[in-house]
Amino acid sequence: MSQPQIEIQLIAAVVAAACALPGTFLVLRHMAMMSDAISHTVLLGIVLAFFVVGELGHPLLMLGAAVVGLLTVSLVELLNKTRLVKEDAAIGLVFPALFSLAIILISVYARNVHLDQHTVFQGDLAFAPFERAIVMGIDWGPRTFVVMSVILLLNLLLIVLFYKELKLATFDTGLAAALGFSPALIHYGLMGMVSVTAVGAFDAVGSILVIALMIVPPATAYLLTNRLPYLLALSVLVGAVGGVSGYWVARALDTNIGGAMVMMLGVLFGLAFLFSPQRGLVARARQQQQQKWRFAETMLTIHLLNHEGQPEYAEECRVDHLIYHLRWPPEFATKVVQRAVRNALVVRQNGHLLLTDAGRVWANTAVIN
Amino acid sequence: MRDRIMDYGLRFTVYGQQYIMDLATLLHDLLFDYTLRTVALGTAVIGIVSGALGTFAVLRKQSLLGDAISHAALPGVVIAFLLTRSRAPLGLLIGALIAGWLATIVILVIIRYSHLKEDTALGIALSVFFGVGIVLLTFTQRLADARQAGLDRFLFGQAAALLQSDVILMAVVGALALTTLGLFWKEFKLISFDPDYAASLGLPVRALEVALTTQLVIAVVIGLQAVGVILMSAMVVAPAAAARQWTNRLWVMALTAAFFGAISGVTGAIVSSTRPGLSTGPVIVLIISLIAFGSILFAPNRGLVWGWVRHQRNRRQLRADAVLHDLYVLGWQHGNPQHPHAVEVLRAMNANQGGVEHTLKVLARQGLTEYSGNGEWALTAVGVQTARLLAPEINDESRPTDNESALAVYGASNEPTSN
Amino acid sequence: MQTQTNALTITDLTVAYKDKPVLWDIDLEAPAGILMAIVGPNGAGKTTLIKAVLGLVKAAAGQVQIYGRAYHEQRKLVGYVPQRGSVDWDFPTDVQDVVMMGQYGQLGWLKRPGKAEKAMAQDALEKVGMAAFSQRQISQLSGGQQQRVFLARALAQNAQIYLMDEPFQGVDATTEKAIVALLQTLRAAGKTVIVVHHDLQTVPEYFDWVTLLNVRRIASGPVSEVFTEENLRLTYGGRVAFLATNGNV
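Same order as they appear, the protein sequences are chains A, B and C. Numbering follows the numbering used here, with no gaps: position 311 of the first sequence is 311. Numbering follows the numbering used here, with no gaps: position 246 of the second sequence is 246. Numbering follows the numbering used here, with no gaps: position 92 of the third sequence is 92.
Hint data in this document are derived by calculation from the structure and do not stem from the laboratory. Worth double-checking, as some hints may not be accurate.
[Claimed, not checked] Calculated pairs, SDA-like style, for lysine to any residue (alpha carbon to alpha carbon, straight line, at most 25 Å):
{"#": "1", "chain 1": "A", "residue 1": "Lys81", "chain 2": "A", "residue 2": "Gly180"}
{"#": "2", "chain 1": "A", "residue 1": "Lys86", "chain 2": "B", "residue 2": "Lys361"}
{"#": "3", "chain 1": "A", "residue 1": "Lys81", "chain 2": "C", "residue 2": "Ser86"}
{"#": "4", "chain 1": "B", "residue 1": "Lys361", "chain 2": "B", "residue 2": "Gln333"}
{"#": "5", "chain 1": "C", "residue 1": "Lys58", "chain 2": "A", "residue 2": "Tyr324"}
[Stated by the list, open to error] Chain A side only, calculated, beta carbon under 7 Å to chain B, not exhaustive:
{"#": "6", "residue": "Val27"}
{"#": "7", "residue": "Gly137"}
{"#": "8", "residue": "Ile138"}
{"#": "9", "residue": "Gly141"}
{"#": "10", "residue": "Ala260"}
Using N, Cα and C, we set each Cβ at its ideal position, and we do this for glycine too.
Only chain A is shown next, with the shape it has when bound in the complex (with noise of 0.2 Å):
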């Protein structure tokens, strides 16, 4: 592998990552639509930023893309507020506007300079080695590198000193602000994370893949794993696999890399929601079947129990009422009665179906629970 080669994949795996954090986040608290909103919106802010520094590069197009970051996300909640419209419509109504905004600024102004819209969409992986980050003469690597690099550590770091505060306010909000944590403070600051990784990876992937890279990664970990540090580890991971993973694919076809990088992340994401060992589709599907069963045998003894010493018993406890009763297929019922009988559940007396002791018990712990 040539150098390039290797900084595309190591900047490909560096931006996912980076995105996956606050995209962890994101997914938990149910707001994955406002990376939607954030991506589009941060173009304003750069552009505007722009518009006062001259020059692209500068420190201050990501402060501009934070600023406009937090008022998108305080215009959302306003409009919110006024109950006017519904949270939804908030979003669809104010990130197009700015970004509108923003597209018509650059056609007019800024055409010549390179922010056009191509590299907004679609980023411009392929080219990312030649930009060098050179401070105090030395050469650190290329700039998207170096830049997504420190936003990574940055995102680690904050996550890191504020995990107690951030893991309250996502899981329990009530109780975080009664612990004197603000959640509007965090709600924030998490917005403003999501803001300054936007722009940093908006250069490597374009700004609506950096959708893909905030929520796939850790919708996927989610599939797997439950607990918060393994879900921030996984999302990394996921992310980094797809990065280097889509690098690899984009050379294949000679194609976007941006784009294949968000291909393999949607592989990988079908290859966990289908196979995820507790919560895929496959095990899901074998679970329910072995619930099914086990759930008609407490229902035929939960039915039992229900006319034991009542005066139809007699008519109730016969197979074939079952099959009208319950509405079960016949062979269904008959299967049933096979397992229920098999696990002593219940005994067959001529015809009728009686409760034994174990099926009384397994009645009346199935109804408590």
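Please arrange chains B and C on chain A, whose structure you already have, making use of the hints.
Positioned in the frame of chain A, the structure of chains B and C alone reads:
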């Protein structure tokens, strides 16, 4: 001749350049200039269809689904092009429709079969479909005949590239969707308001929901060419959100949304045509967003400004009532309803809120109070009549004896007042 | 009791959400012309029971009959009053329009509500004391008024059996009285009314039948027979002592 018409014309500055466009020329071009006429008609169709159909999307809280569908349409467009090797709009439209629908199904499947929530499902579908679209787009652009296809105008839209045949196709598809909307209007209304109840009446709620979602996909897809995948969702959300502020009736809301959509479509197309290289999508969306925010601020009854004015008026009324009430109570304690009292006393009784003096002056203008010198104010005869109604807890029979203080009424009204 | 005369017969109904059972093997018979309360603690499956009767949630087993036949054949006989909080009251429509929705089932496809439907809606509004509000935008209604509009909508269905989900939830005293009066009128007209109810104290006063539910059916029958301290304890656990000491039971 021209000079004289100019006086009635529009003079506006766009992006530092001054354009002078007189109404006659504009009208002439709209009617006879092929490009402008086509563009205006096309964007009007888009506005009408997405406005009307978007009404239901917004009411059913599916605004962001529109966003996901429009982004997700990109791979559909590119694949359709790859398959047909032509930019024939029908093919691209069908491609976009299929992709949009697929994305919707993906979203539903994720929500149904995992513990992930709607927002995450939307984000995944939107971004992954778009990523695949970008991969295909880059791939396609390397093909020799694809360069002229101009598929990337689907990102931001280029209304100027609309052909008459495109507009006819859009109009036909849109008309079909709108006709369906009209035919099943009451059913759509009911499932949007109360789906459980609709099901209890025996309506096929699932099928109707599929129909409404298909209409949303159609609304989005129709506009892709002129507005672009990135911003088309705004054409679904903004007209409806704006229209909601002006009316409390569903059909008026749908019509108003269609009207707003059409207005912004046509204006946006005209404005963007004045400047080469300016995509139509952002201009149209900026205009409809301004209409939406304007409506939220200024629409009568619901608008924020209106609400603020009403609130102020209420407060003023309450303050005036309080002052009248206090003057009456004080006067009643003195045995003379028109007994004058100092401003300070009234202020103290109003928990030291400001504006007592101003309120007294306003009341004086209405002939309810009058200044009796020495910083003291009293009720007029008319004022007493009005104030009596505001103090129902007091009637003349229960007037306290002289040595009782105002506390008897205010602080200790629970205790027996007669000695 | 003859099954044919029952307005509602539920046999061995089991409902599960995903793999968690919400209702286990419910049997229930409601003779025509009664006012029945369904009571039970939170999460007892009261709303689910009503929704299962209406076919809004799928039953894992068992069946429901309305006047001896399956629900989907008898739809026109059933009026439904969902929980007030289940809809968006900011929906752009007015009171009359909501009430007319009650007739959409009878009206059929492609037909628009006309004069006859408007008159019926007005009539239904009259019965709930909301005649003056027919043109009012629904977001401008108080909680009690919203509830009455929902009742009027069900009345407009002109059904034989009414299923109501928490109609007394969060309404003012006037509305509560009005609803009780309405329930009694309905019973007098031979209708059957089944109400998910929260307030144990008012059960004997408002209703003549009661079903005690907690995932299983604990008891069901005339209030005088089944609304006993023991049954309540079985339904609620130990949490109903206050009722017994108040002597209301």
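Here is what the structure says about each hint:
no.: 1; hint: A:Lys81 to A:Gly180; verdict: holds (23 Å)
no.: 2; hint: A:Lys86 to B:Lys361; verdict: violated (43 Å)
no.: 3; hint: A:Lys81 to C:Ser86; verdict: holds (21 Å)
no.: 4; hint: B:Lys361 to B:Gln333; verdict: holds (23 Å)
no.: 5; hint: C:Lys58 to A:Tyr324; verdict: holds (17 Å)
no.: 6; hint: Val27; verdict: holds (5 Å)
no.: 7; hint: Gly137; verdict: violated (37 Å)
no.: 8; hint: Ile138; verdict: violated (34 Å)
no.: 9; hint: Gly141; verdict: violated (26 Å)
no.: 10; hint: Ala260; verdict: holds (6 Å)
Going through the hint list in order, the structure does not satisfy hints 2, 7, 8 and 9.
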